[in-house]
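K.L.:
Here are the chains, one letter per residue:
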Amino acid sequence: MELLVASAVGVMTTVGLYLILRLRAFPVIVGLTMISYACNVFIFASGRVVAGLPPILSKTATGYTDPMPQALVLTAIVISFGMTAVLVMLALGAFFEAGDDRVDLDEEGRE
Amino acid sequence: MMGHWIIAPVVLPAVMGAFTLLVLRNTLPVARVFSTAATALLLAIALRLLWGATHEGPEVYFLGNWPAPFGIVLVLDRLSALMVALTAFLALVVQLYAIGTGWDTRGRHFHALWQFQLMGVCGAFLTGDAFNLFVFFEVLLIASYGLMIHGGGKDRLKAGVQYVAYNLVGSTLFLFGLATIYSVTGTLNMADLAAKLPGLPEGDAALIRLAGVMLLMVFAIKGALVPLHVWLPATYAQAPGPVSALFAVMTKVGAYAVIRIYTLVFPTDLPATGTLYADLLLPAALVTMAVGAVGVMGARKVQGLVAFTAVTSMGTLFAAVAQFTPGATAAALYYALHSTLAAAALFLIADLVMARRIDGTLTEARPAIAQQGLIAGLFMAGAIAAAGMPPLSGFLGKLMILDATRGLAQPLIWATILGSSFVVIIGLSRAGSLLFWKSHAAQATPVPHPAQPLAFVATGALVAGLVGLTLAAGPVSTWLAETAAELHDPAAYIAANKLGGEH
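Heads up: the sequence lines are chains A and B, in that order.
In terms of this note's numbering, the first sequence opens at residue 1 and continues consecutively.
In terms of this note's numbering, the second sequence opens at residue 1001 and continues consecutively.
Hints should not be assumed to be uniformly reliable.
[Said to hold, decoys possible] List time: in silico EDC-like cross-link candidates among lysine to aspartate or glutamate, alpha-carbon distance up to 16 Å:
#1 B:Lys1154 / A:Glu97
#2 B:Lys1154 / A:Asp100
#3 B:Lys1154 / A:Asp101
#4 B:Lys1154 / A:Asp104
#5 B:Lys1498 / B:Glu1059
#6 B:Lys1301 / B:Asp1155
#7 B:Lys1438 / B:Glu1364
#8 B:Lys1301 / B:Glu1364
Don't read these hints as lab results, they were simulated from the structure.
Chain A extracted, bound-state conformation (with noise of 0.2 Å):
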């Protein structure tokens, strides 16, 4: 199960970095998505991977899980995902002024 984690956050980093680097809004939210799961499944596992124990207090368990990633993770989530809607309404805003989706500047619209 850690090579499953572990390459999971390894390939879903790579795309979302090659989508990033596009030059196109769309590509680059994807791949700014794509990051921050990798991202969520990584602090998920900084408690380490276990399977199947609670992460709260229970009469019939036999071990714990960590359960400070787990909320971490759920303010990380809430986060990320207000923050690509944003970004989304952003690019959105930036497509109707302009025209196209392009994230590079115009040449007056440097420095």
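Assemble chain B onto chain A, guided by the hints.
P.N.:
Okay, now just chain B, sitting in the frame of chain A:
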């Protein structure tokens, strides 16, 4: 004892932002009054906290009364109180400018976003928990996204998309770094990290070094260090003038985080990391100075010129921070105060010029502008301060930094600081003569423009702040030396967190 006052700089703007958004959204004059009053109150609270932190030492606010490291803490010490006070002063002055020039009428929700921005910045300065620092970074960023595109327009929106995307990558990197730290130490409370890291098993040293480098990269993005500065010039040049002026304190959030984390959690005498971060920071700072100076020389527009001046000042600041000695930290803090006010003043002056001119081009002269004499005088003062010429505080700040960077790398640091200052002086005087002197050759009557006394008062207040910082340099630098000593010996900071559980 400051008690609940410690959380007031976070709660007050949060409540006021929501109130402005929900109740005052259609009544701009009332929103102006409430928002300005809230910022003035924030300044009063910040000064009270500054007084308390000076006389009573670090104090911790336990959110929900959960003991550290299990709950989130806010820590008030000299450095955080100073940065909150600086933010509140800058915000109040720049807000008056925005009202005086009518910038807040060019889009909706300016004052609500302004308050949320203050909430994020103050929270980032006060928090004593690394994950909470991430959360406040996001709060200040999401408000800054709204402020950056205030007023709209094609170029501004496009620059906004770049700014948001770049910072989202930074946020993700921050999370990767925090998760790595948590997986190694099992805590994210900064004082607890400082207590636990010296006893770290040898096998985990590589992971913690990596996590530290990731955090350094995040703070370098915020602080506009080369090669991660690429977001700054376009963002600052395209953002509305008052917003760019407020953003002058956002780069200092990056500098603050570096000073806080790398003196408290990863000091240079920590065996696992040693001087790794200082060794990474110094070359980046020197290159930043050089790149900023070249940018000042090559700028073709007023806003670009000021943006690159800000990049140079961040390089100078980080060169002092990278020494990680009490003397150099004190010099860096003085320079941080100075460069925040100087950069903000220049951004406001650039905005005054832009409001009266057809465009901001620096390649050819344009006809004279309305109120030319006054604006030229302000530009002169701001440029002298920013370039680091006597008699203003920039000169004193750079002198302190030069004095504090004696050692092995001294020739390189001195040459870069002096060389970049020289190039910045040339760039600024070229811009000043083209903007104000050569305009007389055009022989055209200036296009009339409302005088807007409030805008000039606000810009003048920033310049007056620089003069005050120069006149009070003695007491201020003594106070900052004590602050730096406290930062480099964080025993009181750690003890205030009551990690043993005697809470």
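K.L.:
Decide, hint by hint, whether the structure agrees.
P.N.:
Right, here's what the structure says about each hint:
1. This hinted pair checks out: Lys1154 of chain B and Glu97 of chain A have alpha carbons roughly 5 Å apart, not beyond 16 Å.
2. Taken as a hint, the Lys1154 of chain B and Asp100 of chain A pair is honoured in the structure, with Cα atoms around 11 Å apart against an allowance of 16 Å.
3. The straight-line distance between the Cα atoms of Lys1154 of chain B and Asp101 of chain A is roughly 11 Å, inside the 16 Å bound, and the hint therefore holds.
4. In summary, the hint linking Lys1154 of chain B to Asp104 of chain A is supported, as the alpha carbons are separated by about 12 Å, within the 16 Å threshold.
5. A hinted pair counts as satisfied when its Cα atoms are at most 16 Å apart, and Lys1498 of chain B with Glu1059 of chain B qualifies at roughly 10 Å.
6. Restraint check for Lys1301 of chain B and Asp1155 of chain B: satisfied, since their Cα atoms lie roughly 14 Å apart, inside the 16 Å limit.
7. Taken as a hint, the Lys1438 of chain B and Glu1364 of chain B pair is honoured in the structure, with Cα atoms around 9 Å apart against an allowance of 16 Å.
8. A distance of roughly 10 Å separates the Cα atoms of Lys1301 of chain B and Glu1364 of chain B; the hinted pair therefore holds under the 16 Å criterion.
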